[in-house]
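Enquirer: The lines below spell out each chain.
There are 2 protein chains.
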Amino acid sequence: MISGVLLDLAGVVYEGDHVLPGAIDAVARLHAAGLPLRFVTNTTTKTKQALLTRLSGLGLEITGDELFTPGQAARAWLDAHDASPVLLVHPNLEGEFQGTAGRTKDAVVVGDAGKAFTYENINHAFRALVDGAELVALAKNRTFKADDGKLSLDAGAFVAALEYAIGKEAAVLGKPSAAFFESALASMDCTPQDGVMVGDDAEADVAGALKAGVGSALLVRTGKYRDGDETRFEPHPTETVANLPAAVQWVLAQLS
Amino acid sequence: MISGVLLDLAGVVYEGDHVLPGAIDAVARLHAAGLPLRFVTNTTTKTKQALLTRLSGLGLEITGDELFTPGQAARAWLDAHDASPVLLVHPNLEGEFQGTAGRTKDAVVVGDAGKAFTYENINHAFRALVDGAELVALAKNRTFKADDGKLSLDAGAFVAALEYAIGKEAAVLGKPSAAFFESALASMDCTPQDGVMVGDDAEADVAGALKAGVGSALLVRTGKYRDGDETRFEPHPTETVANLPAAVQWVLAQLS
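Residue numbers (this note's numbering), protein chains in the order written: chain A, 1 to 256; chain B, 1 to 256.
Keep in mind the hints are simulated off the structure, nothing from the lab. The model shown is predicted, which means the values in this text are computed figures rather than measured ones. You may find that some hints are simply not true.
A pair holds if it fits inside one copy or across any two, identical chains being indistinguishable in the list.
Each computed BS3-like pair below joins lysine-lysine, with the alpha-carbon atoms no more than 25 Å apart [as the list claims (entries may be wrong)]:
(1) K211 with K168
(2) K211 with K105
(3) K211 with K150
(4) K46 with K150
(5) K211 with K115
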């Protein structure tokens, strides 16, 4: 029995600067059905507050509790580990890490730094790792769909670059980290088995959720979806549907 | 019986803009003993001709035949595959690829691009791969010792980034590619078993050569060598020695 819904944002609810057709209404139908929901995004180019403001501007009013970002997970990780960040993130995200200097150890934090992925910045992070810093990835997505509509290299590639250079693996905080899905579900008193995830990334959203024990996961054919994605990663999606309205229809059908 | 010697350049013969102590004399001792030798370098920030000029300026006079570079291996690969390069290399190396436009297919060629490793350039290469280009790596070294004396991120990290993003492996042309070691040895009529490799990179030079079937491989404690490198990668070096003069002494002792 589904008792909680996890939704990706970019490529599912909006794309670039426009809302996808029927998305706002689909979210409203979930709310009307009394189903608790959480938006779990790997977007790391905006602070949580900036993202809420943007969603409101697009016509999607949600509370801070309904939004889970890797930035907030990273801040919690740094606090729990008494670590100061060496940031390789988008300049917009730096505000998320205020007041974390001068702690007992360092951790390189990698997000989608965009144009800040210069050789100099990446090498600065690498040298901190050589000096013993931990490696923390906000996300390890391979690709995202850029504003020009083409696939672009996402933060995961740069995480992989640093992992290769130092020969050890990053702690990944966003999707597909099981802890990320679990804490989002737990915040609405939903067990993993009773949750459903909806996303456009067959690997990080769908296979990731299923590996984390989420009961079902739907792949939508919007956003970064490419032909064949439904069989490209294991486990395969519970269902592959056209878009968010179709996913919501599937979810509501499970309730009746 | 050793009948051919392979030598790395940076970190073994020179470092930054100076020759390492005793290196020129050590090379002269090999020449005097009648041992054929080849310099096998993964340096990809200079054309072969520019490298020869630089070595001459440092007091090391060698012929073009004695120098093997990944740049020349890449040019040969592109010619053999009738492919045009999408270059993610140091601007200095672009001259190596003149006259290769307009062929039947594309290949992304990755070298140590240095400051040209911008997000825009890396993403341009990624998009070519998405469109079906092959992926060719001049080298896959993790690190090199920069002019400031600190370890820096080498091309291998960016190769790993692209491999991760597209989910397939690059063809690696420089060390530790077996073909690279083999063709350098074959050019002096030396079988792999009768060859010896001398390098400061425990992985690409030493373990790479031994995996390629080279009879012995010596690790020198100069250049990028760090404590513990002799046991960090399999197979371990045949011997670990202080520097190039000590390596040459070891080689000459095998002859007597």
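Enquirer: Are the hints correct? Go through all of them and say.
Expert: Structure-based check of all given hints:
no.: 1; hint: K211 with K168; in the structure: both (22 Å within a copy, 22 Å between copies)
no.: 2; hint: K211 with K105; in the structure: neither (32 Å within a copy, 38 Å between copies)
no.: 3; hint: K211 with K150; in the structure: neither (28 Å within a copy, 40 Å between copies)
no.: 4; hint: K46 with K150; in the structure: within (21 Å within a copy, 33 Å between copies)
no.: 5; hint: K211 with K115; in the structure: neither (32 Å within a copy, 39 Å between copies)
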